[in-house]
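S.K.: Residues per chain, in single letters:
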Amino acid sequence: MKAIESGTLTGRGLHLSFGSNHVLRGIDLHVERGTTASVIGPSGSGKSTLLRVLNRLIEPDQGDILLDGRSVLKDNPDELRRRIGMVFQQFNLFPHKTVLENVTLALRKLRGMSADEARRKGLAQLDLVGLKHKADARPGNLSGGQQQRVAIARALAMDPEVMFFDEATSALDPELVKGVLALMADLASAGMTMVVVTHEMGFSRNVSDTVTFMDAGVVVESGPPAAIFDDPRTDRLRSFLSDVL
Amino acid sequence: MDAFEQLGKTFFDWEAMAAVLPDLLTVGLPNTLLLALASGVIGTIVGMILAIMGISRNRVLRWIARIYTDIFRGLPAVVIILLIGLGLGPILRQVTGSTSPYPLGILALSLIASAYIGEIFRSGIQSVEKGQLEATRALGFSYGSSMRLVVIPQGVRRVLPALVNQFIALIKESSLIYFIGLVASERELFRVGNDAASNTGNLSPLIAAGVLYLCLTIPLTHLVNFIDHRLRVGRKQKPEPEELTTMSEGARA
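These protein sequences, in sequence, are chains V and F. Quick note: the first sequence uses the numbering used here, first residue 194, plus one each step. Quick note: the second sequence uses the numbering used here, first residue 137, plus one each step.
I should point out that these hints are in silico values taken from the structure, not numbers from a laboratory. What you were told as hints is all true, and nothing was included just to trick you.
Quick partial rundown of chain F residues pointing at chain V, CB under 7 Å, derived from the structure: (1) G267; (2) A271; (3) A274; (4) L275; (5) G276; (6) S278; (7) V286; (8) P289; (9) Q290.
Since this is a predicted model, take the numbers as computed values, not measurements. For every residue, glycine included, the Cβ atom is placed at its ideal position computed from N, Cα and C.
Please take these sequences and the hints and turn them into a complete structure.
M.R.: Written as structure tokens, this is what we have:
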């Protein structure tokens with residue numbers, strides 16, 4: 194995979210409320226280009242919402258989002274999202290399209306590629322996740338692990354500068370988790386900038402460069418994995434780690 | 137025995153049926169098809185617009201769709217047909233000089249059909265998982281493109297059986313057009329059969345008309361069942377290659 198020259202992502206003072214529910218209460222997050230940041234924390238802490246705010250699927254009430262040091266809040270949000278790939282817990286593949294069409298839809302409609310060009314690129318992308326032979330299958334006929342790998346290929350096809358993973362392995366059967374995590378680790382070591390919301394503490398510790406622990410809409414602690422996992426400073430993080438480890 | 141004979145004569149007088157058949161096939165059938173097809177196409181297009189308005193984030197558009205649907209779905213078909221056909225008839229004649237009841241008949245049927253079809257489409261579109269829209273938008277598609285390329289095609293697919301049911305209803309409701317008043321060449325199946333029945337004092341022509349309705353609606357009913365089955369069971373798929381290998385390995389072991 195080619196090294197990508199951009200992708201440093203920063204969220205500053207992000208706030209978001211749904212009615213009286215204050216979901217994000219001033220989040221700061223900085224992900225240096227080519228590094229992997231994992232976000233951990235209990236359910237309902239706002240981790241998944243944070244990802245959606247960072248790519249403006251949900252607009253923040255307050256705060257700023259910077260890509261390569263430049264605020265993107267004034268840009269067209271659709272164009273911002275073309276630069277950020279996203280992978281979901283439930284895969285969200287398009288069930289009415291073939292695997293290949295899932296990967297090529299954005300290439301054709303957003304990048305304006307010809308059918309041939311998109312097909313070549315789509316097949317190459319599927320090859321990368323080991324599913325070229327499933328190009329003509331429907332997502333419904335694939336295992337969960339295969340579907341998630343197609344979803345990763347779909348996001349990568351747009352050559353994103355940053356990849357978001359929203360609990361990408363939480364809906365998978367235990368025996369399928371490893372393959373998807375390995376693929377994510379490969380991406381990380383190939384230099385992709387990644388933000389990974391996860392409950393996989395092993396992945397968080399071994400693959401990520403920084404770990405951010407969120408609880409109740411705030412960042413409680415963040416730092417390198419060793420500091421977070423071996424030397425937690427707050428009671429909240431200590432009790433969270435004792436619950437999940 | 138007499139009663140049976142009379143019953144047979146009333147409903148199954150083959151000569152009376154044979155006499156009306158040419159008119160049914162050359163006048164009634166094409167007109168019924170014209171009414172049902174035209175209002176089916178218009179009703180589907182307007183229904184889709186209503187469905188999109190109905191799920192719009194714009195409150196005014198939602199209200200307009202809501203009121204339209206409540207009115208045209210809530211009134212008896214014959215009331216709408218009479219009000220449109222008789223009420224707007226003179227105006228249409230003044231403006232265009234046309235005396236044909238068909239444009240207004242098709243308009244009335246389309247108003248009714250679109251109200252039902254709009255609700256069918258809306259429920260289908262809203263049944264598509266939220267994640268589909270989210271995933272499409274995350275790729276960088278606008279709301280409109282996401283709906284058009286991903287959400288609406290899936291929603292429509294799910295409600296195809298209900299949509300075909302609506303077309304069946306439309307074929308039957310097209311018979312109500314006779315309330316507006318039709319000249320001989322404008323009569324559709326029901327009116328052709330009914331006229332012949334009145335003239336001969338025998339109901340067999342109406343039976344013949346009914347049989348032709350069934351020739352249109354029964355295949356559609358089976359189309360519904362076929363689509364429904366297909367949607368539930370899915371297209372036949374070749375088994376997964378991996379499964380095949382493991383299975384044959386298992387068999388060899």
